[in-house]
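J.: First residue of the sequence shown: 1, per the working numbering; consecutive thereafter.
Mixed in with the good hints, there may be bad ones.
As the list claims (entries may be wrong) - Simulated pairs of lysine to any residue, SDA-like, Cα-Cα distance not exceeding 25 Å: (1) K81 - M40; (2) K34 - A46; (3) K34 - K58; (4) K34 - V77; (5) K26 - V77; (6) K26 - S37; (7) K34 - Q88; (8) K34 - V69; (9) K81 - K58; (10) K81 - L15; (11) K58 - L15; (12) K34 - M1; (13) K58 - L73; (14) K81 - M1; (15) K26 - I8; (16) K58 - Q23; (17) K26 - S59; (18) K81 - R91.
In case anyone wonders, no lab produced these hints; they're calculated from the structure.
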Amino acid sequence: MSEYLSWIGMAAATLTSLSYVPQVRKAWTRGSTKDLSLHMLIVLTAGLVLWTLYGLLKSDYVIVIANGVGATLAASVLAFKTRDLFAQRRRRSPGT
1 MSEYLSWIGM
11 AAATLTSLSY
21 VPQVRKAWTR
31 GSTKDLSLHM
41 LIVLTAGLVL
51 WTLYGLLKSD
61 YVIVIANGVG
71 ATLAASVLAF
81 KTRDLFAQRR
91 RRSPGT
């Protein structure tokens, strides 16, 4: 039974982590994150970082890997969003 639990956990972790890939790809290729909420990305990234820390403290590699990958991908989307916001502000402020 324990072996099945590990496999279920790894499958869930893999699917959850990979769910961010389409968003990263879309932000990268389109060069726009206009429709994404900055606050949601901040909260999501912070939550994933905390889950990673929790997994490290519990020595649970499934939690660490899944949330570490998710945090990295979410942080990259957050970086794209931040870049877009700064670029948008620069375009709006004339004379700089």
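J.: Against this structure, judge whether each hint is valid.
T.: Each hint tested on the structure:
{"no.": "1", "hint": "K81 - M40", "in the structure": "holds, 11 Å"}
{"no.": "2", "hint": "K34 - A46", "in the structure": "holds, 21 Å"}
{"no.": "3", "hint": "K34 - K58", "in the structure": "violated, 38 Å"}
{"no.": "4", "hint": "K34 - V77", "in the structure": "holds, 11 Å"}
{"no.": "5", "hint": "K26 - V77", "in the structure": "holds, 10 Å"}
{"no.": "6", "hint": "K26 - S37", "in the structure": "holds, 15 Å"}
{"no.": "7", "hint": "K34 - Q88", "in the structure": "holds, 10 Å"}
{"no.": "8", "hint": "K34 - V69", "in the structure": "holds, 24 Å"}
{"no.": "9", "hint": "K81 - K58", "in the structure": "violated, 32 Å"}
{"no.": "10", "hint": "K81 - L15", "in the structure": "holds, 23 Å"}
{"no.": "11", "hint": "K58 - L15", "in the structure": "holds, 22 Å"}
{"no.": "12", "hint": "K34 - M1", "in the structure": "violated, 46 Å"}
{"no.": "13", "hint": "K58 - L73", "in the structure": "holds, 23 Å"}
{"no.": "14", "hint": "K81 - M1", "in the structure": "violated, 43 Å"}
{"no.": "15", "hint": "K26 - I8", "in the structure": "violated, 29 Å"}
{"no.": "16", "hint": "K58 - Q23", "in the structure": "violated, 30 Å"}
{"no.": "17", "hint": "K26 - S59", "in the structure": "violated, 34 Å"}
{"no.": "18", "hint": "K81 - R91", "in the structure": "holds, 15 Å"}
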